[in-house]
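Spelled out from the first residue to the last, the chains are:
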Amino acid sequence: MTVRVRLIGPFIPRFGFSEKDLEVPSPCTAADLQLLLGLQGVENLMTLQGRGLKPQDALSDGDRVVVAPIFSGG
Amino acid sequence: MNGWTGHILRIDLTKKTFKKEAYTEEFAQKWVGGRGFAVKILYDELKPGIDALGPENKFIVAVGPLAGVTAPNTGKTVVAAKSPLTGGYADGNLGSHITIHLRKAGYDALIFEGKLAQPGYVSIEDDKVSFCDAQEIWGKGTFEAQEWLYGKYGKTAGILSIGQGGENKVLYAMVRSMEGRAGGRPGVGAVMGSKNLKAVVVKGTKEIPLARAAEMKARGVGDMKKVAELDKKSAWSKTGTNAVLAWCNEMAALPVRNMRKTSSPEAYKIDGERLRDACVKTYGCPNCTMRCGLTMIDKEGHESELDYENVGMLGADLEIFDLQQVASLNYMCDDFGVDTISAGAVLAFYADAIDHGATKGDFKFGDAERAKELLRMACLRQGEVGNLLADGSLRMARKFGHDSEAYAMQCKGLELSAYNCKYVPGQALSFGVGPMGAHHKEAWIITYELKQTERGGYGRDKAQKVVDIQRIRTGLFEALPACRFPWVEVGFELQNYPDYFNAITGLDWKLEDFYKAGDRIWALMKAFYAREFPKLDRKHDYPPRVYFDPANADKDGIIAGKHLEVDKYDQLLGHFYDIRGWDDRGVPTRKTMESLGLSKEADDLAKYTKVT
Chain A
1 MTVRVRLIGP
11 FIPRFGFSEK
21 DLEVPSPCTA
31 ADLQLLLGLQ
41 GVENLMTLQG
51 RGLKPQDALS
61 DGDRVVVAPI
71 FSGG
Chain B
75 MNGWTGHILR
85 IDLTKKTFKK
95 EAYTEEFAQK
105 WVGGRGFAVK
115 ILYDELKPGI
125 DALGPENKFI
135 VAVGPLAGVT
145 APNTGKTVVA
155 AKSPLTGGYA
165 DGNLGSHITI
175 HLRKAGYDAL
185 IFEGKLAQPG
195 YVSIEDDKVS
205 FCDAQEIWGK
215 GTFEAQEWLY
225 GKYGKTAGIL
235 SIGQGGENKV
245 LYAMVRSMEG
255 RAGGRPGVGA
265 VMGSKNLKAV
275 VVKGTKEIPL
285 ARAAEMKARG
295 VGDMKKVAEL
305 DKKSAWSKTG
315 TNAVLAWCNE
325 MAALPVRNMR
335 KTSSPEAYKI
345 DGERLRDACV
355 KTYGCPNCTM
365 RCGLTMIDKE
375 GHESELDYEN
385 VGMLGADLEI
395 FDLQQVASLN
405 YMCDDFGVDT
415 ISAGAVLAFY
425 ADAIDHGATK
435 GDFKFGDAER
445 AKELLRMACL
455 RQGEVGNLLA
465 DGSLRMARKF
475 GHDSEAYAMQ
485 CKGLELSAYN
495 CKYVPGQALS
505 FGVGPMGAHH
515 KEAWIITYEL
525 KQTERGGYGR
535 DKAQKVVDIQ
545 RIRTGLFEAL
555 PACRFPWVEV
565 GFELQNYPDY
575 FNAITGLDWK
585 LEDFYKAGDR
595 IWALMKAFYA
605 REFPKLDRKH
615 DYPPRVYFDP
625 ANADKDGIIA
635 GKHLEVDKYD
645 QLLGHFYDIR
655 GWDDRGVPTR
665 KTMESLGLSK
675 EADDLAKYTK
685 VT
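Chains as they are written, first to last, in the working numbering: chain A, 1 to 74; chain B, 75 to 686.
By construction, these hints were calculated from the structure, which means they are not laboratory data. Note that CB positions come from ideal geometry on N, CA and C, so glycine has one too. A couple of the hints might just be wrong.
Claimed, not checked - Mimicking DSS-like on lysine-lysine, the simulated pairs with C-alpha atoms at most 27 angstroms apart in a straight line are:
no., chain 1, residue 1, chain 2, residue 2
1, A, K20, B, K306
2, A, K54, B, K642
3, B, K307, A, K54
Unchecked claim - If you anchor each label on the Cβ, the simulated ranges turn out as follows:
no., chain 1, residue 1, chain 2, residue 2, range
4, B, K438, A, I70, 31 to 41 angstroms
5, A, P55, B, K299, 25 to 35 angstroms
6, A, D21, B, R444, 34 to 44 angstroms
7, A, P55, B, Q538, 21 to 31 angstroms
8, B, D644, A, M1, 15 to 25 angstroms
9, B, A96, A, P55, 26 to 36 angstroms
10, B, M75, A, R14, 38 to 48 angstroms
The task is simple: from the sequences and hints, build the whole structure.
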């Protein structure tokens, strides 16, 4: 299945893209996506439709996931 | 006493006299420094009800144990006064060489009293204090004023100055330093202006007393490299704070159109990527290891240093999605010496009030050129409109009527920072309960709300999180003081700060000791507010009313139909009061104050308002 990934801020230069479709195995959880992106051990905030994803949350085909570092405010 | 100089310099501007005063170790350990020193001095020395723009107000410059010490991002100074905008306590911290020079001159704080008869500035070189004429720079912007002072004292001298905004007593005028640095959102710059005080210059040459100097130096140098490496690894300073803009846009938390909207398809035009591409140089404060000041060329060719709050409020909230124009507005705010957040919010409110028929005018969202004209008029207090805009959104709303106060986006008079809380209850609480008003530096919990709990929830955990962050930010970063970015942005451990403090002072403090000091300072800030507003109630701690209005909910997008709920917000506020040990009006109880060592202050507060 396909999941669209939108990276924010420092993750863009770090991973070399801003937004793109990723082919992921089905089923796929948020934790699986983190592994696929190489984000293990990197503090991050994954959201879907403006709500935080827990590691065990299942993703669906066509989901758009926003992945940001943990900002703590200006 | 190691770690503190043990002295405050009191300067009477009316009489042009000064006095070096000693303070006790007990005072130092109770109030730490920075904000702690400032609020205690102002609480003790200001009579409630004084005119914040009168000579009775006092302007405080305060540093703390970390000032002047080699350690990551420790170049911060606190400026404070009674606020002409909110009527409560006001402060801000800014990066400045004055942080280092003040300590080397032998002081931890300056108290400016009275008023100069003519525009002037004060120069402090160790024990020598001079009252100098400022006619040549009065009426000039901060860039020109600072350049003039550099010519006299050198570029690395400690210099604080105001622009025309402060001179004209714009109620959200700030104090400026080192071109891009600013502090004192709730009008601390206006207080300087009211005293005819254009600038303060400090040069010091003495040794700073440290308990374990060699240990501190080795640790500090190593940790500066460590933070710089953390920053490099995370690539944080490539986009700086403006990376938050794209994220807020995705999360429906971006201020757009006076916060009527929470996102915009045009936001990408002003986001962190665009700023990174346009960046020509970066700036940092003294001892900075992660330079957040991304500078670009504005529409008129000036170098303009931007961060997220600037772009969020002068760009998105005004629907100006042209980064060069946003940079122009930002440059003007910096040069006039006014707060970019309030300036953006005031203009957005003006456009919104015109839209809603509360007043008449010719300003529309998205009109960058007119925004510049209006900003200039406000900073110079030109004409009726300029004077109106110079007084902030709450006073504007009270003049307009038509229930426009509901959508004046402020708390206690201070405009909201660039986080739209339409459906972020915990952040709305954080803004609502701030004794200084709605300020992002006090507590920022949006990522917590999204990552670790339900976004739309009103659980006690959110109130606890707000308190936890207030404790850390006030107890450590506002009191020591130091920049919070190494901790909040690249994961530099909090424990480093007590370690530094202990090496500097020879004491053995734990993080909990700083949190208790933070609670004490926070309680006194609220006591200051309660003393000024003895009839206060919990409505003083509410966010703008429009957030509770179902008609204001987004029509589409990820939070369509969502809005804050008043009963639930009130319940959340109750949790906050309970955790803080405050009564149901939001006043610290006697028991709480006594537990924080504030018995004398509780007795004083009880003369003005009910203390349960």
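The hints, checked one at a time:
For the hint linking K20 of chain A to K306 of chain B, the alpha-carbon distance of about 25 angstroms falls within 27 angstroms, and the restraint holds. In summary, the hint linking K54 of chain A to K642 of chain B is supported, as the alpha carbons are separated by about 25 angstroms, within the 27 angstroms threshold. With a C-alpha separation of about 25 angstroms, the suggested pairing of K307 of chain B with K54 of chain A holds against the 27 angstroms cut-off. Distance hint check for K438 of chain B and I70 of chain A: the Cβ-Cβ separation is about 37 angstroms, which falls inside the suggested range of 31 to 41 angstroms.
At roughly 34 angstroms, the beta-carbon separation of P55 of chain A and K299 of chain B lies within the given 25 to 35 angstroms, and the hint holds. In this structure the supplied range 34 to 44 angstroms holds for D21 of chain A paired with R444 of chain B, their Cβ-Cβ distance being about 42 angstroms. With their beta carbons about 23 angstroms apart, P55 of chain A and Q538 of chain B fall inside the hinted range of 21 to 31 angstroms. For the pair D644 of chain B and M1 of chain A, the supplied restraint of 15 to 25 angstroms is violated, since their beta-carbon distance comes to about 44 angstroms.
The hinted window of 26 to 36 angstroms between A96 of chain B and P55 of chain A is violated, with their beta carbons roughly 57 angstroms apart. Remark: the range hint 38 to 48 angstroms for M75 of chain B to R14 of chain A is upheld by a beta-carbon distance near 46 angstroms.
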